[in-house]
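Enquirer: The working numbering puts the first residue of the sequence shown at 229, with every later residue one more than the last.
The set of hints was computed from the structure by calculation and includes no laboratory data.
Since this is a predicted model, take the numbers as computed values, not measurements.
Even for Gly, the Cβ is constructed at its ideal location relative to N, Cα and C.
Take the hints with a grain of salt, since some may be wrong.
Claimed, not checked - Quick list of the computed label-pair ranges, beta carbon to beta carbon:
hint : residue 1 : residue 2 : range
1    : Arg-231   : Arg-299   : 51 to 61 Å
2    : Ala-268   : Val-232   : 52 to 62 Å
3    : Ala-303   : Pro-267   : 14 to 24 Å
4    : Arg-230   : Ala-295   : 20 to 30 Å
5    : Asn-330   : Asp-270   : 51 to 61 Å
6    : Gly-271   : Pro-306   : 17 to 27 Å
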Amino acid sequence: MRRVLLLAGSAAALVAAVSFLPQLEPANAATAAATFIIPANDGYGVADCLATGGDCATGVANAWCVAQGYRTASAFGPASDITSSTGTSRSTAAAMAITCDN
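Can you make the complete structure from the sequences, with help from the hints?
Expert: Structure representation (structure tokens):
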């Protein structure tokens, strides 16, 4: 009998706690533009497609923005120095930047 009362009380407390949670609106992208840095070795070939600038580049950039909650890509290309490093480094594939707008 104690278990039944414990379970019923726990269920009632859980329902009460959930009902008092604030109603969250769906996460929408901000109204301002946002720039995303895509590593060259992301494993999906996004940076490879953007680096060539071929037919797939615009489609991939737009698809990336839509997946992030934005409407379209306003710009894409190689990312400038994002690490603020001053030393020399070995040559690696450049990261790509996609700027998305609503």
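Enquirer: Is 52 to 62 Å a correct range for the gap between the Cβ atoms of Ala-268 and Val-232?
Expert: 59 Å, holds
Enquirer: Given a hint of 51 to 61 Å, does the C-beta separation of Asn-330 and Asp-270 actually sit inside it?
Expert: With a Cβ separation near 24 Å, Asn-330 and Asp-270 fall outside 51 to 61 Å, so the hint is violated.
Enquirer: Note whether the CB distance of Arg-230 and Ala-295 lies within 20 to 30 Å or breaks it.
Expert: 51 Å, violated
Enquirer: Tell me if the beta carbons of Arg-231 and Arg-299 are separated by a distance inside 51 to 61 Å.
Expert: 54 Å, holds
Enquirer: The hint says 14 to 24 Å between Ala-303 and Pro-267; measuring C-beta to C-beta, is that right?
Expert: 18 Å, holds
Enquirer: Regarding Gly-271 and Pro-306, is the given constraint of 17 to 27 Å on their beta-carbon distance met?
Expert: With Cβ atoms ~19 Å apart, the hint holds.
Hint compliance for this structure: hints 4, 5 are broken, all remaining hints hold.
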